[in-house]
Amino acid sequence: MKIMEGSHAVAEAVKACRPHVISAYPITPQTHIVEEISRMVADGELACEYIRVESEHSAMSVCVGASATGARTYTATTSQGMALMHEVLFNAAGLRLPIVMTAVNRALSAPINIWDDQQDAISQRDTGWIQLHAEDSQEASDMIIQAYRIAEDHDVLLPVMIGMDGFILTHVYEPVELCPQEKVDEFLPLYEPTQYLTPKNPLTFGPIVDPSMYMEFRYMIHEAMGRAKKKIMNVASEFRDKFGRYYGGLIDTYEAEDAEVLILAMGSVIGTIKDAIDELRADGKKVGLVKVRCYRPFPAEAILEAAKDAKAIAVLDKNISLGHEGALYTDVKSVLYNKGPLALGFILGLGGRDITKSTIENIVAKAQKAIESGRVEEESEFVDLDQEVL
Amino acid sequence: MEELFAPGHRGCAGCGAAIAARLILKGAGKDIIAVSPTGCLEVISSPYPQSSWGVPWIHSLFENAAAVASGVEAALRALGREDEAKVLAIAGDGGTIDIGFGVLSGMLERGHDVTYICYDNEAYMNTGIQRSGSTPYGASTTTSPAGKISFGEDRPKKNAPAIAAAHGIPYVATASIAYPKDVIKKVKKAVEIEGPKYLQIHAPCCTGWGFDSSRTIEIGRLAVETALFPIYEMQNGKITSVKKIKRKPVEEYLKVQRRFRHLFEKEGGEEEIKKIQEIADGNAEQFGLDL
Amino acid sequence: MKLSIGAVTEPGSTRINKTGSWRTFKPIIDVEACVGCGMCSMFCPEGVVYEVEDKYTIDYDYCKGCGVCAHECPSGAIEMVIEEK
Ligand SMILES: Cc1ncc(C[n+]2csc(CCOP(=O)(O)OP(=O)(O)O)c2C)c(N)n1
Ligand code: SF4
Ligand code: SF4
Ligand SMILES: [Mg+2]
Numbered sequence: 001m002k003i004m005e006g007s008h009a010v011a012e013a014v015k016a017c018r019p020h021v022i023s024a025y026p027i028t029p030q031t032h033i034v035e036e037i038s039r040m041v042a043d044g045e046l047a048c049e050y051i052r053v054e055s056e057h058s059a060m061s062v063c064v065g066a067s068a069t070g071a072r073t074y075t076a077t078t079s080q081g082m083a084l085m086h087e088v089l090f091n092a093a094g095l096r097l098p099i100v101m102t103a104v105n106r107a108l109s110a111p112i113n114i115w116d117d118q119q120d121a122i123s124q125r126d127t128g129w130i131q132l133h134a135e136d137s138q139e140a141s142d143m144i145i146q147a148y149r150i151a152e153d154h155d156v157l158l159p160v161m162i163g164m165d166g167f168i169l170t171h172v173y174e175p176v177e178l179c180p181q182e183k184v185d186e187f188l189p190l191y192e193p194t195q196y197l198t199p200k201n202p203l204t205f206g207p208i209v210d211p212s213m214y215m216e217f218r219y220m221i222h223e224a225m226g227r228a229k230k231k232i233m234n235v236a237s238e239f240r241d242k243f244g245r246y247y248g249g250l251i252d253t254y255e256a257e258d259a260e261v262l263i264l265a266m267g268s269v270i271g272t273i274k275d276a277i278d279e280l281r282a283d284g285k286k287v288g289l290v291k292v293r294c295y296r297p298f299p300a301e302a303i304l305e306a307a308k309d310a311k312a313i314a315v316l317d318k319n320i321s322l323g324h325e326g327a328l329y330t331d332v333k334s335v336l337y338n339k340g341p342l343a344l345g346f347i348l349g350l351g352g353r354d355i356t357k358s359t360i361e362n363i364v365a366k367a368q369k370a371i372e373s374g375r376v377e378e379e380s381e382f383v384d385l386d387q388e389v390l
Numbered sequence: 001m002e003e004l005f006a007p008g009h010r011g012c013a014g015c016g017a018a019i020a021a022r023l024i025l026k027g028a029g030k031d032i033i034a035v036s037p038t039g040c041l042e043v044i045s046s047p048y049p050q051s052s053w054g055v056p057w058i059h060s061l062f063e064n065a066a067a068v069a070s071g072v073e074a075a076l077r078a079l080g081r082e083d084e085a086k087v088l089a090i091a092g093d094g095g096t097i098d099i100g101f102g103v104l105s106g107m108l109e110r111g112h113d114v115t116y117i118c119y120d121n122e123a124y125m126n127t128g129i130q131r132s133g134s135t136p137y138g139a140s141t142t143t144s145p146a147g148k149i150s151f152g153e154d155r156p157k158k159n160a161p162a163i164a165a166a167h168g169i170p171y172v173a174t175a176s177i178a179y180p181k182d183v184i185k186k187v188k189k190a191v192e193i194e195g196p197k198y199l200q201i202h203a204p205c206c207t208g209w210g211f212d213s214s215r216t217i218e219i220g221r222l223a224v225e226t227a228l229f230p231i232y233e234m235q236n237g238k239i240t241s242v243k244k245i246k247r248k249p250v251e252e253y254l255k256v257q258r259r260f261r262h263l264f265e266k267e268g269g270e271e272e273i274k275k276i277q278e279i280a281d282g283n284a285e286q287f288g289l290d291l
Numbered sequence: 001m002k003l004s005i006g007a008v009t010e011p012g013s014t015r016i017n018k019t020g021s022w023r024t025f026k027p028i029i030d031v032e033a034c035v036g037c038g039m040c041s042m043f044c045p046e047g048v049v050y051e052v053e054d055k056y057t058i059d060y061d062y063c064k065g066c067g068v069c070a071h072e073c074p075s076g077a078i079e080m081v082i083e084e085k
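If you read the protein sequences in the order shown, they are chains S, L and Z. The numbers in the numbering used here rise by one with no breaks, and the one at position 317 of the first sequence is 317. The numbers in the numbering used here rise by one with no breaks, and the one at position 80 of the second sequence is 80. The numbers in the numbering used here rise by one with no breaks, and the one at position 6 of the third sequence is 6.
These are calculated hints, taken from the structure and not from any lab test. Cβ coordinates follow ideal geometry from the N, Cα and C atoms, glycine included. Some clues are possibly wrong.
[Claimed, not checked] Across the chosen pairs, the derived CB separations fall in these ranges:
1. Z:Val52 - L:Ile193: 35 to 41 Å
2. L:Glu194 - S:Glu301: 52 to 58 Å
3. S:Ile208 - L:Gln286: 39 to 45 Å
4. L:Asn236 - S:Glu174: 51 to 57 Å
[As the list claims (entries may be wrong)] Below are the DMTMM-like pairs computed for lysine to aspartate or glutamate, each with C-alpha atoms no more than 20 Å apart in a straight line:
5. S:Lys229 - S:Glu305
6. S:Lys200 - L:Glu3
7. S:Lys200 - Z:Glu10
8. Z:Lys2 - S:Asp155
9. Z:Lys18 - S:Asp210
10. S:Lys200 - L:Glu218
11. L:Lys244 - L:Glu225
12. Z:Lys18 - L:Glu285
13. S:Lys200 - L:Glu82
14. S:Lys230 - S:Asp278
15. L:Lys181 - Z:Glu51
16. L:Lys181 - L:Glu218
17. S:Lys200 - L:Asp31
18. S:Lys200 - L:Glu2
19. Z:Lys2 - S:Glu45
Please take these sequences and the hints and turn them into a complete structure.
Here's what the structure looks like:
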């Protein structure tokens, strides 16, 4: 156990995965990850090509070129940088390149705001990237090692991004257990691409596909996403066997078995929710948690299984699809349609707004009210809005 | 010699970009990895499940060829495969000089061992002949059309080779498909030089410029002979070779292309032609082109 | 045909696309007049003018009939004639 900053824990895991090419562009609050990687390279601790590009678009493009050449690649970004990458994210997935990225989570401008929410990653939902979300620094670090196993699996071959709440996880010091290099080497073999750029077999990558076949290529990515579900679960279990830590497969649950009210969320807020649940349970309230570890592919079956006996499920979204509701809430409702509990949606924590235990308790109270009345009054609502200034 | 750019591609009959691709591959040989951005050359050469490329080749997006090439080169080094292939980018003027310019600058500045080649057809041909930063003064395009009050493109062609050279890179050169041996020689030379190299190869487009498909090479030659496309080499910032010419007046080049037709038909066109002649005179003076 | 992962495809495979059908005019090389300079071969956008024993011959499977070869032939040895279909 070592006390270290979340960003450094991630950098250590990246190093242990022996990436060949890293390319990144600095942006708060991702900076400490890439600065630590820079230090490792400068001190000769990490032997890789570290390409200091002129933008995030180019960072991801360097990863595309390198990955297509057969290299293991890594990058990290957040917020505006992730938005700038958007186009290349689609491209990397379509080319079926197993790039791994830490998606530090931060709000999007305007107004400019450097604090945490998950709008940036959620807005990359349909790019074809597998999207995992970490609860704490330890998981954000361990997920890197898991991510390469998932991405590089020949049944998957898709890029993976790991959501990690900005500041809350990146800048906080926590005790972290680092994975020993020998064990990582055993767990994560060298990347063996099925096809790569080489004059020995001069293949063409990235051709133009007409309407007679484009849909089939999208379908193939969709199918690979489906196969990834099992892989993500298996890798989580194998990781537990090797390193002794487990965070759940596609989802994790806490006090969920007999819960009447379930809270569903992802990311660092999980810690606060668990604390609140402990208190509510002490008061005799049957409250539990569904933690979404994997946002894409969406764990529909697992959520349905976990939620089917609950009476209400409160979905927490640190994002909003403006003009509608939180993105997780929409997904959860579609999974529960005509089955299972009442579903309530809550938009909260945008742009770094605190989410406290009492916030969670209020949400649980609303869910209980819905159970009593048998209906959801307000489907989706903003939590802790300051009405005075509006 | 083995043909590394296969026939069956969808280029227009007489396509200058296709000629450029063939010549580039003749110069570079088969032990390369090539990157192309979106554009005519990419579209005509890679209709899935077919490809004209006999070398490993990747297309990613419109603006990122220089970054993708950087990644390929970095990967070869990281994997200890740097002797396996030289890295080339073969890109249109739009992908290079407009939307990909910052990306190219990054690649040049970082010192990647990549030969970046812009085939310059002076507009966005793939999307229907819209102007680019490389469109010459006075050319009518679909977004800088000649009209009642317009004489077409109202800004001079961006001097991309000079900007590339300002990065302090070891080799910058211009060439034209009308002088194929010169193209092959320069590409061969460029790939042998370590570090970032920038080549701009003039590649007339019969469809976009408006001339008969048989005249692609003739038009290319006229651009050089009128000093509108000067041919030179720069090594480590100094001009080391210039193609001298027996200069022709710019009209000879302009009058054979539909994109300049308005200059001969509209009142005030003469003035515009004069301005174009001044551009040519400036080039001749700057590079000492006159024999 | 099964689709490849990531739409990766095989080198030189446009060869199955016989662009000769595009032709309106057909270049005919007069072998007597040909001096074997090879400019036609160098300039052909399709790369389908081949040298055979110091003379040149055209692969009509792909020739699009652009006329560049005829226009550039320094000895005027190539004539463009209307394609008979
Ligand atoms: C981000 C983005 N913007 C616009 C386009 C549309 N687009 C595709 S190719 C092209 C023009 C290509 O021009 P150039 O690079 O000069 O190549 P050419 O087709 O002329 O050979 C444009 C505008 C695109 N594909 N991507
Ligand atoms: S439009 Fe021009 S560049 Fe594009 S294929 Fe036709 S001739 Fe070639
Ligand atoms: S007409 Fe054009 S395509 Fe046909 S052989 Fe001559 S140059 Fe090639
Ligand atoms: Mg162009």
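Do the hints match the structure? See the list:
no., hint, verdict
1, Z:Val52 - L:Ile193: 35 to 41 Å, "holds (36 Å)"
2, L:Glu194 - S:Glu301: 52 to 58 Å, "holds (55 Å)"
3, S:Ile208 - L:Gln286: 39 to 45 Å, "holds (40 Å)"
4, L:Asn236 - S:Glu174: 51 to 57 Å, "holds (52 Å)"
5, S:Lys229 - S:Glu305, "holds (15 Å)"
6, S:Lys200 - L:Glu3, "holds (17 Å)"
7, S:Lys200 - Z:Glu10, "holds (12 Å)"
8, Z:Lys2 - S:Asp155, "holds (16 Å)"
9, Z:Lys18 - S:Asp210, "holds (19 Å)"
10, S:Lys200 - L:Glu218, "violated (38 Å)"
11, L:Lys244 - L:Glu225, "holds (9 Å)"
12, Z:Lys18 - L:Glu285, "violated (48 Å)"
13, S:Lys200 - L:Glu82, "holds (13 Å)"
14, S:Lys230 - S:Asp278, "violated (31 Å)"
15, L:Lys181 - Z:Glu51, "holds (17 Å)"
16, L:Lys181 - L:Glu218, "holds (16 Å)"
17, S:Lys200 - L:Asp31, "holds (9 Å)"
18, S:Lys200 - L:Glu2, "holds (16 Å)"
19, Z:Lys2 - S:Glu45, "violated (45 Å)"
In summary, the structure is inconsistent with hints 10, 12, 14 and 19 from the numbered list given earlier, while agreeing with the others.
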